[in-house]
Each structure stands twice: as C-alpha cells, then as structure tokens.
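There are 2 protein chains.
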Amino acid sequence: MDKYESVLKLLLEAVQANMAQAEGNADSSEIPVGVSNRHLHLSQADMDILFGEGYQMTKIKDLSQPGQYACKETVTICGSNGAIEKVRILGPVRGKTQVEILAGDCFKLGVKSPARLSGDLQGTPGITIIGPKGSVQTAEGLIVAQRHIHMTPQDAQRLGVHDGQIVSIQVDGPRGGIYSNVAVRANDASALECHIDTEEANAMNVNSLSKIKIMK
Amino acid sequence: MDKYESVLKLLLEAVQANMAQAEGNADSSEIPVGVSNRHLHLSQADMDILFGEGYQMTKIKDLSQPGQYACKETVTICGSNGAIEKVRILGPVRGKTQVEILAGDCFKLGVKSPARLSGDLQGTPGITIIGPKGSVQTAEGLIVAQRHIHMTPQDAQRLGVHDGQIVSIQVDGPRGGIYSNVAVRANDASALECHIDTEEANAMNVNSLSKIKIMK
Numbered sequence: 001m002d003k004y005e006s007v008l009k010l011l012l013e014a015v016q017a018n019m020a021q022a023e024g025n026a027d028s029s030e031i032p033v034g035v036s037n038r039h040l041h042l043s044q045a046d047m048d049i050l051f052g053e054g055y056q057m058t059k060i061k062d063l064s065q066p067g068q069y070a071c072k073e074t075v076t077i078c079g080s081n082g083a084i085e086k087v088r089i090l091g092p093v094r095g096k097t098q099v100e101i102l103a104g105d106c107f108k109l110g111v112k113s114p115a116r117l118s119g120d121l122q123g124t125p126g127i128t129i130i131g132p133k134g135s136v137q138t139a140e141g142l143i144v145a146q147r148h149i150h151m152t153p154q155d156a157q158r159l160g161v162h163d164g165q166i167v168s169i170q171v172d173g174p175r176g177g178i179y180s181n182v183a184v185r186a187n188d189a190s191a192l193e194c195h196i197d198t199e200e201a202n203a204m205n206v207n208s209l210s211k212i213k214i215m216k
Numbered sequence: 217m218d219k220y221e222s223v224l225k226l227l228l229e230a231v232q233a234n235m236a237q238a239e240g241n242a243d244s245s246e247i248p249v250g251v252s253n254r255h256l257h258l259s260q261a262d263m264d265i266l267f268g269e270g271y272q273m274t275k276i277k278d279l280s281q282p283g284q285y286a287c288k289e290t291v292t293i294c295g296s297n298g299a300i301e302k303v304r305i306l307g308p309v310r311g312k313t314q315v316e317i318l319a320g321d322c323f324k325l326g327v328k329s330p331a332r333l334s335g336d337l338q339g340t341p342g343i344t345i346i347g348p349k350g351s352v353q354t355a356e357g358l359i360v361a362q363r364h365i366h367m368t369p370q371d372a373q374r375l376g377v378h379d380g381q382i383v384s385i386q387v388d389g390p391r392g393g394i395y396s397n398v399a400v401r402a403n404d405a406s407a408l409e410c411h412i413d414t415e416e417a418n419a420m421n422v423n424s425l426s427k428i429k430i431m432k
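Taken in sequence, the protein lines are chains L and H. Everything in the first sequence is counted per the numbering used here, starting at 1 for the first residue and increasing by one. Everything in the second sequence is counted per the numbering used here, starting at 217 for the first residue and increasing by one.
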C-alpha cells in the first residue's frame, strides 16, 4: 500500500506542476469564440400560439452563457421571397420574441434587417414564424446580431474594458483580419465568450475552438 | 437653328464641367468590389463528360474581368456529407477544372478545402461534379477562393502596390473591419476589382456597390 501511495503522490505532484505551468503559459488576453447560426428566442405568448397553450420546450444542450440552452424544437421563418426551415429555438422564454438571422438570409427571405445587439429591437422589421400548432406575424424583432463579447465585470477589469465599450477584435491565420464595432457586454450573469455568427466565422476561418484578442 | 445650337453648346459645357468635377472628387484609392458565390470553371474534357461531346456553354452575362462570363448551365457538386445543386459555371473553358466553394459549404459537403488563389491547385482535394449527361470525380481543384484584387499594371503603379503583393483591405460601416492577406493580381488582362466571396461580403455588410481601400 505504501508503494501505491508514494506512486500516487508522485503522479499527483506531476499533474499539479503540469497544470500550474499550463496556467502560467496561457495568454490571459485570449477570448474563446462562440459561433451562432440563425436562431430565435420566443415570448410565452408566441410559444403558446406556435406550439399550443402551456407547451414546454425540451432542452437538448446548455449554452456557454449561464441559464441559456438550445431546445429540441425548431420553427420555419418566412418572408416575401422565401422560407427557412429548422430554425432553432433557444431557451428560456423572453419578454419579447427575437429572431436572429444571418445577413445572407435577408436575400432568401426578402427582408432588410439591421445589425443590432440582442434586446435592441425598436424599429426592426417583423417576420412570419410557423410552428406545428399555428403561426405568428411579429411586429418587430428581426435582427442580424451585432458581434459582441460577453464577460463578467472581473473579466472586464482584467482585460481593461468596460460594459458598453465598442472594441475591435483581431483574428490570426491565413484568412485573418480585424472586426470593428464589437460591443462589450459585462455583467455577473455572463461567461467570457466572443459571439460572432457563422458568416463572420467562415469569412475569417474561425470556429468554436478559436481564440481572439481585443485590440488596444 | 442658331438658338438651338447655342443652347446645345451651353448644355454640353455644363455636362462636361460636371463630369470633370465628379472625376476630381472621386477618391482614386477606392476599389470596386466583386462578390463571388460558389462557382466552377470546367476543362473541355470534363465539360464533354458532363454535358456531352462538343457541347457549347450559353453565355448569360459578361463579368467584370475581360473575357470572363457566367453561363446559363449549372451542375450539382457532391461530397460524402451532401450535395449542393445549381452551382454556376463560368466561362471560358480552362486547362483544369476548378471548383470554388464557400467555407460554409465545406460542412454541407463534408470536405476540407484550403483558401487558395485561382490556379494554385496542387494538393487541393477533389469533388464529384454531376451534369445532365454524366459525372466527374476530380482528383484536385476544390478551393475556397483566397481574397484578391485584380488590376492593371497602371492601377498597381497608381495604388503603390505590385503584382503578388499581399495587402490588407479596409471596409467602413457598422459591420466594418479589415481583411488581411489579400493578394494583388496585376496584369494587362484585368479590370480593377477586389474579389471576396459572399460570406466575406455578408460578414462585413459589403455588396457589389461597395468600395474598399488598400491599407498602407
């Protein structure tokens, strides 16, 4: 038993030393990337119409932001030019329905949608949403998501930025470059992650394993 | 008659003055943008297989680069994960077949394709192309087009760059930023235009009416 214990102790020390070294080497200014495809958030009232009174969404995956999750359920969204099927619903329900599409979807749907931050919906167009039990024509809430970085106030302090600040982010690699006008969203309910959409990710060859940096 | 002639002379002078002023105001460092969707160039041998011996493509639209045009004909391209229909053929025929897809298409098709300049095909993967009369499995030639700027040697001199130089381009606006690693392609058979693909265009809210600038 003594032999096992000393071997275990050695192993434990080696692992701890390795972890400490890895932590020391990690560049603390690197920010993980979250890539968003088109998706929507529903109000309870719209969910009742689309899926039936009192319907409960089925969570299939937690997202990186605390309390946010992807649902099993999808809907069809429809504009004057065409429809896009299988648009994923994210939970939990929100006060207002918000549909986040890609810039390229505007052509398919026949709509003009501005780049906006989540929740900033005034003056945005509406869209038709079709579910298994009914359809909704929203008055507003169709946006292309403005790229942004979620973080805690502690992350913001460490990175030398503040909530609401507009920064640029740098992407390395053969398709790299700089995205301007990235909004910092710092609050206690966040986890550090830079959110860009699939077109922004593909254009710079970024994926959910990539890291970006804020430019000073 | 004299009256008409003097009116015409006045009008002509006004138009000429207006044009001269417009020319003077134009920022000579601005470069028009051409946005490319997925497309392909075919060799004569592959065209014979896909469309039948001696088939002639039907031109529907001249492109900005002299001698290049879009054809009426489209094909289906197919990988292990899926197929993409209605991929446009560009003419004239080339020595080697080259299929240019979007980064996002790599997931749909189930292929990994590098960002390469047109013609730089060594070591690139192949793809299955399906036409109305037959199909071809290419050995190589599947690329994501590396962004580039076509220009004449005179444009290059004026813009202070040279053929083969790698530059960065700047895009203004709320989704603006900088794309690095943009290749300058200067030769007498070119017209001034910066070529990016639809994902790169959508990510920065650029379209074929936009202008970009080379960063110094």
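Hints were generated in silico from the structure; no laboratory data involved. Check before you lean on any hint, since a few could be wrong.
[Claimed, not checked] Derived coverage of chain H by chain L (criterion: at least 3 residues anywhere in the stretch with Cβ under 8 Å from a Cβ of chain L; other residues may be distant): (1) 317-323; (2) 389-396; (3) 414-423.
[Said to hold, decoys possible] Cβ pair distances, simulated, as ranges: (4) Pro-174/L to His-378/H: 12 to 22 Å; (5) Gln-137/L to Phe-323/H: 25 to 35 Å; (6) Ile-60/L to Gln-373/H: 29 to 39 Å; (7) Thr-274/H to Ser-118/L: 26 to 36 Å; (8) Phe-323/H to Ala-115/L: 49 to 59 Å; (9) Gln-65/L to Gly-283/H: 46 to 56 Å; (10) His-378/H to Ser-118/L: 44 to 54 Å; (11) Pro-348/H to Ser-118/L: 44 to 54 Å; (12) Gln-284/H to Lys-61/L: 37 to 47 Å; (13) Gln-65/L to Gln-373/H: 43 to 53 Å; (14) Gln-338/H to Gly-173/L: 14 to 24 Å; (15) Asp-278/H to Glu-85/L: 33 to 43 Å.
The C-beta atom is built at its ideal place from N, Cα and C for all residues, glycine as well.
Hints and how they fare:
Given as covered by chain L, the segment 317-323 of chain H passes the check, having 3 residues with a CB less than 8 Å from a CB of that chain where 3 are the minimum. Here's how the segment 389-396 of chain H fares: 7 of its residues keep a CB closer than 8 Å to some CB of chain L, so the rule of at least three is met and the hint holds. By the rule of at least three residues with a Cβ nearer than 8 Å to a Cβ of chain L, the coverage given for the segment 414-423 of chain H holds, with 7 such residues. Look at Pro-174/L against His-378/H: about 21 Å separates their beta carbons, and that is inside 12 to 22 Å.
Separation of Gln-137/L from Phe-323/H is about 32 Å and conforms to the stated range, judged on CB atoms against 25 to 35 Å. Between Ile-60/L and Gln-373/H the Cβ separation comes to about 58 Å, which falls outside the hinted range of 29 to 39 Å. Distance hint for Thr-274/H and Ser-118/L: a CB-CB separation of about 47 Å, inconsistent with the stated range 26 to 36 Å. Our hint of 49 to 59 Å for Phe-323/H and Ala-115/L is violated, since their Cβ atoms are close to 24 Å apart.
Checked against the given bound of 46 to 56 Å, the beta carbons of Gln-65/L and Gly-283/H, roughly 52 Å apart, stay inside it. A hinted range of 44 to 54 Å for the beta carbons of His-378/H and Ser-118/L is consistent with their spacing of about 45 Å. Look at Pro-348/H against Ser-118/L: about 47 Å separates their beta carbons, and that is inside 44 to 54 Å. Here the CB-CB span from Gln-284/H to Lys-61/L is close to 45 Å, well matched to the stated 37 to 47 Å.
The hinted window of 43 to 53 Å between Gln-65/L and Gln-373/H holds, with their beta carbons roughly 51 Å apart. Checking the proposed 14 to 24 Å range against Gln-338/H and Gly-173/L shows it holds: the Cβ atoms sit about 21 Å from each other. Range check, Asp-278/H to Glu-85/L: about 36 Å between beta-carbon atoms, so the 33 to 43 Å window is met.
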